[in-house]
Amino acid sequence: MNAVLQPEVRLEVLHEDMLNDVVRIEQRAYSHPWTRGNFADSLKSGYHLRALWSGQALLGYFVAMQGVQEVHLLNITVAPEFQSQGLAVLMLDALRLWAQTQQAECIWLEVRKSNARAIQVYTRYGYSRVGERKNYYPAHAGQREDAVVMSLKL
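For the sequence shown, my numbering gives the first residue as 1040, with consecutive numbering after it.
Certain hints may be false.
Cβ pair distances, simulated, as ranges [to be verified]:
1) Q1182 <-> D1056: 32 to 38 angstroms
2) A1079 <-> R1049: 19 to 25 angstroms
3) V1107 <-> R1063: 31 to 37 angstroms
4) S1070 <-> T1140: 33 to 39 angstroms
5) K1083 <-> K1152: 27 to 33 angstroms
6) Y1164 <-> M1104: 17 to 23 angstroms
If you are wondering where the hints come from, they were derived from the structure by calculation, not from laboratory data. Positions of the beta carbon are idealized from the N, C-alpha and C atoms, including for glycine.
Please build the complete structure, drawing on both the sequences and the hints.
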């Protein structure tokens, strides 16, 4: 059952003091979650990290890396209890606006080939499938899973 959102949400710069909350969501959302170290390294590297809040509840977050005339979306997550309420699209909007201010021409991302729900969200948003990366993601029992590479032209 999905949690009910408060009427107002806000997007904030993600700080190190938020990482415990972020990691708790990450562990509930994924079979192979990012570690606290992954997020801390992203902060130290100066990546674009944003957290989406409603009151005191962390709803989701994203991590993006700026490149030369492009942005790479590394992680976007909505807390499981707040999924299916349009929050991923809200964060994708914020990412697109930021990427445009950085003069990016496109946004890239990888998504697990088995993650049909996310692929559908990205496709509806306007991302195009541009390729695959073989054995990109860790999977169960030491196996690997392919990634679908998608791109959004700005």
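Return holds or violated for the Cβ distance of Y1164 and M1104 against the range 17 to 23 angstroms. Holds, since Y1164 and M1104 (Cβ atoms, about 19 angstroms apart) stay within the stated range.
Could you say whether the range 31 to 37 angstroms given as a hint is met by the Cβ separation of V1107 and R1063? Because 35 angstroms falls inside the window, the suggested range holds.
Would you say the C-beta atoms of A1079 and R1049 sit inside 19 to 25 angstroms of each other? holds, 23 angstroms
Take the C-beta atom of Q1182 and the C-beta atom of D1056, compute their distance, and say whether it sits inside 32 to 38 angstroms. holds, 36 angstroms
S1070 and T1140, beta-carbon distance inside 33 to 39 angstroms? Given about 34 angstroms between the Cβ atoms, the range holds.
Holds or violated: 27 to 33 angstroms for the Cβ distance of K1083 and K1152? holds, 30 angstroms
Comparing the model with each earlier hint shows no violations; every hint is respected.
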